[in-house]
Amino acid sequence: MRPFDYTRAQDSAEAARIAGQGATFIAGGTNLLDLMKLEVMTPDHLVDITHLDLNEITQTEAGGLRIGALVTNSDLAADMAVRRGWPLLPKALLSGATGQLRNKATTGGNLLQRTRCYYFYDPDMPCNKREPGSGCAAMGGMNRLHAILGASDACIATHPSDMAVALRALGAHVDLMAEDGSTRTLPLGDLYRLPGDTPEVETNLKPGELITHVVLPAPVHGRQIYRKVRDRASYAFALVSVAAVIDVESGVISQAKLAFGGIAPMPWRMTEIEDFLIGKAPSEDLWEEAADLLLSDARGQGSNDFKIPLARRTLAAVLNEATRGDDQ
Amino acid sequence: MQTKLTINGNEHDLEHDTRTTLLDALRNHLGLSGTKKGCDHGQCGACTILINGRRINACLTLACMHDGDEITTIEGIGTPDNLSPMQAAFVQHDGFQCGYCTPGQICSATAMLEEARMGWPSHVTDDVTSAPDLTDTEISERMSGNLCRCSAYPNIVDAIRQVSEKTT
Chain G
1 MRPFDYTRAQ DSAEAARIAG QGATFIAGGT NLLDLMKLEV MTPDHLVDIT
51 HLDLNEITQT EAGGLRIGAL VTNSDLAADM AVRRGWPLLP KALLSGATGQ
101 LRNKATTGGN LLQRTRCYYF YDPDMPCNKR EPGSGCAAMG GMNRLHAILG
151 ASDACIATHP SDMAVALRAL GAHVDLMAED GSTRTLPLGD LYRLPGDTPE
201 VETNLKPGEL ITHVVLPAPV HGRQIYRKVR DRASYAFALV SVAAVIDVES
251 GVISQAKLAF GGIAPMPWRM TEIEDFLIGK APSEDLWEEA ADLLLSDARG
301 QGSNDFKIPL ARRTLAAVLN EATRGDDQ
Chain Z
1 MQTKLTINGN EHDLEHDTRT TLLDALRNHL GLSGTKKGCD HGQCGACTIL
51 INGRRINACL TLACMHDGDE ITTIEGIGTP DNLSPMQAAF VQHDGFQCGY
101 CTPGQICSAT AMLEEARMGW PSHVTDDVTS APDLTDTEIS ERMSGNLCRC
151 SAYPNIVDAI RQVSEKTT
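Respectively, the protein sequence lines represent chains G and Z.
The first sequence stops at residue 328 when you use the UniProt record's numbering, and every number in between is there.
The second sequence stops at residue 168 when you use the UniProt record's numbering, and every number in between is there.
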């Protein structure tokens with residue numbers, strides 16, 4: 001690990017101000033320290049935000065929840081209001097990492113964790129995300145974990161979070177504080193950027209900008225399902241995951257919110273699929289058409305070609321589970 | 001830099017580099033070698049300790065971030081003359097072979113039972129609003145952050161189940 005200075009921030013404004021001068025936030029540290037040991041990330045100054053007052057989950061006037069960025073993944077998954085109103089979120093959280101990691105990992109850090117691309121983690125290999133302009137070893141290399149949607153010629157890495165996929169389906173926003181203390185709110189989908197020619201820039205955060213809260217809108221009616229397909233039954237990243245909130249009334253789909261993990265550089269959502277499903281009766285043919293919408297631009301890279309049919313089948317399985325009658 | 005760590009009820013003043021992980025502080029600075037270094041990347045669980053009662057990977061946190069926290073290591077869980085119920089169950093069920101992962105397994109299992117007592121669901125819990133029984137499937141899922149290269153898993157599950165049944 002490279003040497004670094006360490007500062008413990010006392011409040012959000014101080015943290016954002018120090019980070020605005022070039023320091024890197026550390027909270028749970030479970031991904032950052034791993035990357036620092038490998039010298040994939042080499043911050044010269046860490047600002048410890050774990051003592052900020054951002055660890056509560058409170059109700060909003062709109063009937064939603066405001067989740068402090070420092071709420072651990074464990075506490076968020078165990079919160080009874082979350083479990084009752086937004087069960088999709090604990091399902092996604094609990095499908096990721098381990099008990100030990102979830103006890104440390106925070107809500108904000110989970111959103112900002114880095115890809116698990118093997119080549120990003122290996123400083124001896126080319127990687128445009130780690131070292132812009134050096135090339136992409138995953139193209140033509142091992143790319144089993146990699147993206148089939150939203151990738152570019154510069155980078156085919158995926159975003160690894162399960163939590164972010166559930167939050168995207170649930171319509172979450174993030175509250176931010178800038179280095180001058182000003183605040184703004186972004187829909188989660190606008191937090192992230194596709195790689196394009198600059199895969200090293202993963203978010204629309206300004207220098208020093210701190211995620212202070214994640215805000216969930218009021219619960220929506222419907223079955224909430226998170227299905228994650230992976231190489232082993234526990235403690236593995238998604239090959240494909242589907243987060244769904246689906247409701248059926250009088251034989252037709254009345255509510256459809258869908259997001260996808262493991263297939264793109266950011267938690268993936270296409271509202272065209274949701275609009276297409278609403279008002280139609282569940283059927284296998286309908287699932288095929290929905291999958292066509294999702295995958296019309298999908299492109300495999302060799303070892304990840306299987307993700308295209310896998311995403312199709314996983315979506316169909318989730319939609320079947322979400323729309324089957326209670327008596328079956 | 002300087003950090004005051006409270007470990008197994010004892011305060012220690014530590015002079016250390018900012019880079020020192022809590023794991024290295026325990027083993028190299030304080031001689032508490034019961035906590036093991038396996039992968040040093042949060043994948044194996046050999047370094048599992050308790051911070052304020054919660055299990056974490058000591059390799060993936062900095063010592064300087066734990067000023068004022070209550071840290072419990074395997075040395076604070078029990079002693080050879082006074083084994084904790086989990087330690088005794090591991091001995092009784094032969095829940096190890098080489099023993100290298102065992103301190104982490106025991107710290108992890110001890111804290112995991114507390115999580116279950118608080119009603120935390122897991123990935124294999126059908127209804128996340130319920131407080132599930134600790135079936136073998138639940139125990140395995142909740143312990144997936146602790147690898148055993150000797151594959152003593154069946155006996156580890158037996159040991160944890162026994163302690164779970166005695167205390168619930």
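There's no promise every hint is true.
Quick list of simulated restraints, FRET-style, between CB atoms [claimed, not checked]: (1) S250(G) <-> G119(Z): 33 to 43 Å; (2) L293(G) <-> G119(Z): 36 to 46 Å; (3) D17(Z) <-> R232(G): 45 to 55 Å; (4) E284(G) <-> E70(Z): 36 to 46 Å; (5) D13(Z) <-> L38(G): 25 to 35 Å; (6) G20(G) <-> G119(Z): 35 to 45 Å; (7) S182(G) <-> E70(Z): 50 to 60 Å; (8) M270(G) <-> H29(Z): 51 to 61 Å; (9) S296(G) <-> N8(Z): 35 to 45 Å; (10) D122(G) <-> G119(Z): 38 to 48 Å.
Simulated crosslink set (DSSO-like; lysine-lysine; CA at most 27 Å straight-line) [to be verified]: (11) K4(Z) <-> K37(Z); (12) K166(Z) <-> K37(G); (13) K37(G) <-> K4(Z); (14) K37(G) <-> K280(G).
Some chain G residues well away from chain Z (every beta-carbon gap over 12 Å; in silico) [to be verified]: (15) P3; (16) D11; (17) D48; (18) T50; (19) E61; (20) T98; (21) G99; (22) K104; (23) A105; (24) G222; (25) Q224; (26) A236; (27) S303.
Rather than coming from a laboratory, the hints here were simulated on the basis of the structure.
Note that beta-carbon positions come from the ideal geometry of N, C-alpha and C, so glycine has one too.
Evaluation of the provided hints:
{"no.": "1", "hint": "S250(G) <-> G119(Z): 33 to 43 Å", "verdict": "holds (37 Å)"}
{"no.": "2", "hint": "L293(G) <-> G119(Z): 36 to 46 Å", "verdict": "holds (40 Å)"}
{"no.": "3", "hint": "D17(Z) <-> R232(G): 45 to 55 Å", "verdict": "violated (36 Å)"}
{"no.": "4", "hint": "E284(G) <-> E70(Z): 36 to 46 Å", "verdict": "violated (56 Å)"}
{"no.": "5", "hint": "D13(Z) <-> L38(G): 25 to 35 Å", "verdict": "holds (31 Å)"}
{"no.": "6", "hint": "G20(G) <-> G119(Z): 35 to 45 Å", "verdict": "holds (41 Å)"}
{"no.": "7", "hint": "S182(G) <-> E70(Z): 50 to 60 Å", "verdict": "violated (38 Å)"}
{"no.": "8", "hint": "M270(G) <-> H29(Z): 51 to 61 Å", "verdict": "holds (52 Å)"}
{"no.": "9", "hint": "S296(G) <-> N8(Z): 35 to 45 Å", "verdict": "violated (59 Å)"}
{"no.": "10", "hint": "D122(G) <-> G119(Z): 38 to 48 Å", "verdict": "holds (41 Å)"}
{"no.": "11", "hint": "K4(Z) <-> K37(Z)", "verdict": "holds (22 Å)"}
{"no.": "12", "hint": "K166(Z) <-> K37(G)", "verdict": "violated (42 Å)"}
{"no.": "13", "hint": "K37(G) <-> K4(Z)", "verdict": "holds (24 Å)"}
{"no.": "14", "hint": "K37(G) <-> K280(G)", "verdict": "violated (52 Å)"}
{"no.": "15", "hint": "P3", "verdict": "violated (7 Å)"}
{"no.": "16", "hint": "D11", "verdict": "holds (17 Å)"}
{"no.": "17", "hint": "D48", "verdict": "violated (6 Å)"}
{"no.": "18", "hint": "T50", "verdict": "violated (6 Å)"}
{"no.": "19", "hint": "E61", "verdict": "holds (24 Å)"}
{"no.": "20", "hint": "T98", "verdict": "violated (3 Å)"}
{"no.": "21", "hint": "G99", "verdict": "violated (5 Å)"}
{"no.": "22", "hint": "K104", "verdict": "violated (5 Å)"}
{"no.": "23", "hint": "A105", "verdict": "violated (9 Å)"}
{"no.": "24", "hint": "G222", "verdict": "holds (16 Å)"}
{"no.": "25", "hint": "Q224", "verdict": "violated (9 Å)"}
{"no.": "26", "hint": "A236", "verdict": "violated (9 Å)"}
{"no.": "27", "hint": "S303", "verdict": "holds (22 Å)"}
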